[in-house]
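Spelled out, the chains give:
Number of protein chains: 4
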Amino acid sequence: MKALVYHGPGNKAWEDVPDATVQEPTDVVVKVETTTICGTDLHILQGDVAAVTDGRILGHEAVGTVTAVGDAVRGFSVGDRVLVPAITKCGRCEYCQRGMPSHCQTVGGIGWIFGHLIDGTQAEYVRVPYADTSLYAVPPEVTDEQAIFLADSLPTGYEVGVLAGNVRPGHTVAVVGAGAVGLSAVLTTGLWGASKVIAIDSNKFRLEKALEFGATDTVEVGPGTVGDVVALTDGLGVDVAIEAVGYPETLLTAASLVRPGGTIANVGVHGTPVELPMQDMWISNVTLTMGLVDTVSIPTLLKMVASGRIPAEKMGTHRFTFDRIDEAYSVFADAAANLALKVVITP
Amino acid sequence: MKALVYHGPGNKAWEDVPDATVQEPTDVVVKVETTTICGTDLHILQGDVAAVTDGRILGHEAVGTVTAVGDAVRGFSVGDRVLVPAITKCGRCEYCQRGMPSHCQTVGGIGWIFGHLIDGTQAEYVRVPYADTSLYAVPPEVTDEQAIFLADSLPTGYEVGVLAGNVRPGHTVAVVGAGAVGLSAVLTTGLWGASKVIAIDSNKFRLEKALEFGATDTVEVGPGTVGDVVALTDGLGVDVAIEAVGYPETLLTAASLVRPGGTIANVGVHGTPVELPMQDMWISNVTLTMGLVDTVSIPTLLKMVASGRIPAEKMGTHRFTFDRIDEAYSVFADAAANLALKVVITP
Amino acid sequence: MKALVYHGPGNKAWEDVPDATVQEPTDVVVKVETTTICGTDLHILQGDVAAVTDGRILGHEAVGTVTAVGDAVRGFSVGDRVLVPAITKCGRCEYCQRGMPSHCQTVGGIGWIFGHLIDGTQAEYVRVPYADTSLYAVPPEVTDEQAIFLADSLPTGYEVGVLAGNVRPGHTVAVVGAGAVGLSAVLTTGLWGASKVIAIDSNKFRLEKALEFGATDTVEVGPGTVGDVVALTDGLGVDVAIEAVGYPETLLTAASLVRPGGTIANVGVHGTPVELPMQDMWISNVTLTMGLVDTVSIPTLLKMVASGRIPAEKMGTHRFTFDRIDEAYSVFADAAANLALKVVITP
Amino acid sequence: MKALVYHGPGNKAWEDVPDATVQEPTDVVVKVETTTICGTDLHILQGDVAAVTDGRILGHEAVGTVTAVGDAVRGFSVGDRVLVPAITKCGRCEYCQRGMPSHCQTVGGIGWIFGHLIDGTQAEYVRVPYADTSLYAVPPEVTDEQAIFLADSLPTGYEVGVLAGNVRPGHTVAVVGAGAVGLSAVLTTGLWGASKVIAIDSNKFRLEKALEFGATDTVEVGPGTVGDVVALTDGLGVDVAIEAVGYPETLLTAASLVRPGGTIANVGVHGTPVELPMQDMWISNVTLTMGLVDTVSIPTLLKMVASGRIPAEKMGTHRFTFDRIDEAYSVFADAAANLALKVVITP
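First to last, the sequence lines map onto chains F, P, H and U.
Per UniProt numbering, the first sequence starts with residue 1, numbered consecutively.
Per UniProt numbering, the second sequence starts with residue 1, numbered consecutively.
Per UniProt numbering, the third sequence starts with residue 1, numbered consecutively.
Per UniProt numbering, the fourth sequence starts with residue 1, numbered consecutively.
Same shape as in the complex, but just chain F:
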């Protein structure tokens, strides 16, 4: 079969590799019919993720059809259309049992293994371990192009942003950074009845998209950002500030937007320490959350997509076939300039 293989920083190739096969009785093999690229894939290609070594097939998001099942698999059969989420869940360790497979102890202490610790989804076929507890059936009302964004970006914005941020009806919410993950938070805050959703970015295209995705207000980044947001609330700041970028300044901006008693939900992937002004913050009764997605919200999100309440398909802005995957990477690597959110890749 063919797959996108990592060959050290800066190098990757769509090349022939051995076929994906069932290796454990709990495995299935899925024929990949739709995949996409995540910001993390770009980090890997920059050599930032030491655990990814030469020869690894990239990617951790897929929609496809089951082509082979292990002897112990009971929930899925050959021919089933499935969503392969970013996180693998053994289903039995303490973390899986408490709904936090992001730290599944069985698969290595971190639930993200596709395109990281095992071969990934940017391939014609992918082996999926612990299939019964990890895969999700895709309902007929949900298209592949909708489902693919539920593999990682939508649950990340929802779980690590909206749920961790503890959004409640009537809340005001600021989303710092309106890329794919920030927009995923914008798209899903409505599920919890936010009264205002304020998107903050320096890119006008993304701010326009934010309005289309459900933001009630937008603020272009500048010296007046904090003042603008505070003016949109009752002078005390927002209830929930979601950070969806991953830099010290964006986290500090989020921290400065939140009112006493509020929550800062960090979704961004950080590469450096952040100097937190604890001398001012200690008295503020705020909560700072952070983390990797669990993808356990996928059943809820699938229902909301199926019922039309979440227009997930809006996330896909560009389409490519496998043989043009290099081009897909190029477009996504400079997403803002290319007016791209997420790319859709199919055979």
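For the record, the hints were derived by calculation from the structure and aren't laboratory data.
Because the structure is a prediction, the values reported are computed rather than measured.
Each pair of labels, with its calculated beta carbon distance range:
no.	chain 1	residue 1	chain 2	residue 2	range
1	H	K314	F	E313	29 to 39 Å
2	H	E24	P	T21	15 to 25 Å
3	P	L211	H	V226	52 to 62 Å
By construction, the Cβ of each residue, glycine as well, lies at the ideal position given by its N, Cα and C atoms.
With chain F's structure known, arrange chains P, H and U on it following the hints.
Below, chains P, H and U without anything else, positioned relative to chain F:
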């Protein structure tokens, strides 16, 4: 009447002042029969709290008897024995109505006003605003020496440590710093069924006290602190790490002790920024909480003291009368060396 | 002034009464500019509420303007436009402090006192006790005709139905009975992201209204009700069944619609016992909730009305002036036949 | 092998049966080293549980050693000492994923299958389906005689009583019925910091046991029960009333003990309908919960037993070997008269 008056950094005096009187229909006046000193009072004397100006009576903790009531007061009468908590609660602003009077908008955006924005409790009498919603009746089974520690230190350890840390039955808890507030957290984690409570300090007296207060294990601070704590858990760290000191290194220690999915509850008052290793922490699904006490847990704590489940009286190690209040400050200013936890001051 | 006075079962009159005045320092007087009728008022007139005696002014919902304030009132001034909610809240008893003024111990163990234990709001003026903690300012964006439904019916549907029912994103919800309170639940489930809201009634007008208010499906009551609802879910029933009528058969219908692990939220006022099939239900892991409204959700609901997310004004179907209040009662007493939801009564 | 086989109402025999074997790759076989009898087993023998048919091996609680494992089992190996809980968990259906395997859809819609839908644990060996997600390793500090009570009775009292009842620090709790399950609730309320635990029964032996298990007060059933309990609280009743018997009168007693805003947690197995006085209860803001145990609290309970905080071994009052299992049933069938709580049965 006599009171302890602040006269700028380093200066205070037990001196004659005008009598405390009812000024608003919602006020009462309380004759102070027991008071104590808080770490914050020491910060004020160092000149660290700009809002406290020359002439302010210090102190924000008292037990005493009501001697006068305003026309609108309905819940308390002259002669009632009451607890005056550190936090004043108007009862009607949005923050008070959601149970977060630490940020009561009516009294100035911060619920701590005694010995800060208005005259305090280290005095023969104290005026108490919003008495109906702020004061607590002391049940007959609870002594003054027990009740005084419920004015601030016990609810701080409980609310900002144990409750914010979301301790649940079976959890392992580490408390970094076993001073009065850290020990208050130790004393109250048992209410939520912690399976292990590990006290961490450099002072042997405090570690001994911690065992007496309900810690199951102690760790003396040193290069092996993290390893020692991890060895006491199942190798992943504690579920909840409570920081009760207020320095960057102690907060970072707390952060390094917590397992994926756990909570770091910062109780300490910080004076400088803290460089948080977000490049490592972002993926850990931990939560960092912080804040000023609300004192809304006082009814629960009073019940538990009355029923004998919380031996609050153990917190008092030294006793002074008002005329020796300078000496009380000296002892408390160097609490660890003086084998002191909290001082009890009476007429 | 003039007011609607109860004179025993079946008798009421719009007649002259002494003016409402400030009696306690925490009182205000409100000039009533909009009021309405509640199902409870009909029960009183049938003689079902023993605590209501001859001479009592009826009504417990009002929007109006403050005309006098007691000495201790700080949150409201003469001229303020306010919402007088059904529940009075002392703000200091244990129940008020835990957000459950429905059982305020200070005002008699039950927070509903207007038109019940004290004179009510179907009058030109009304005395409001504990004004600081009970009244709500009406924002300029919210009209009187929107605000009046937040005095009782909307918070009842929301708190006793949606919140007690623990609706969460993705849930399926059935509302048994689409009168004013049932429709209030329909109108507010969307705040919590319900995926399906199924309204059940025997009246076609109400089912049409339900669709207009946000229901996704309707079921006309009949022998196939349960089967129809189960067919609309995945065969297991709904996550939340809200009972908004108050008869044994409607509560049993709600109970039969709910899936294992779900919640039956009883909102209806019952007059007789209900035989619950515990021999079947004990194993079902369902929860049955019930209760009087607290009206503590009013700030959230006001925000959502102000932002346009809750079209509260749709609840008002008929308008009357005070001198035609008898006619208003007649219309409302046979609401379904008159195609009425709530009546709006103004000077 | 030998096993206790059901042969229709009133008939059972300890007889030869085919050996338990691995049938699915996710099965294990466990050699039973300790088992016990549950009240449900008595119901089965009375013919009350239609799903149990002639030839079924009884029992759903065991501690033992793994003797064979299916090909897909990864969490357990031959020789492991394990707890076989009453509930089987597939780990992948919607109910298992939300922590409610009591309604596992895969094993039949009800998680209790041992001695019910498949052969049970009152046997020399037992086949355990879905072993990886259902079994629990027993830590070395926990004895077989402690662990056996964690298979059903302790988690039932804890989950269906204490957790469903939402016990919180400071709460007053009444437990109606001090048999094995009621005492399990008594034993575990302390984990949540109850301030008073009032045990109610007509049997003096059980009331004595209740005090030994952590009750703070006891009330002997009689005409004054409700008054006695109310006198032990502040006149309003308890926060949580746990029903642990299963008759209409005991459920109504529990309902009459609870204060406004409290919870009635029904643990008892009912055989008839219960006429609930909804005409009085609708206004009380109480919650009624009920259900089958999930056994998901076993990891927490194992930790608390290991740390000495729950003396589970106190539940075992009588000991028998397999060949005397008839005698064990006789003693347990008249437990109160025999001063028995739970019987321990070993090879």
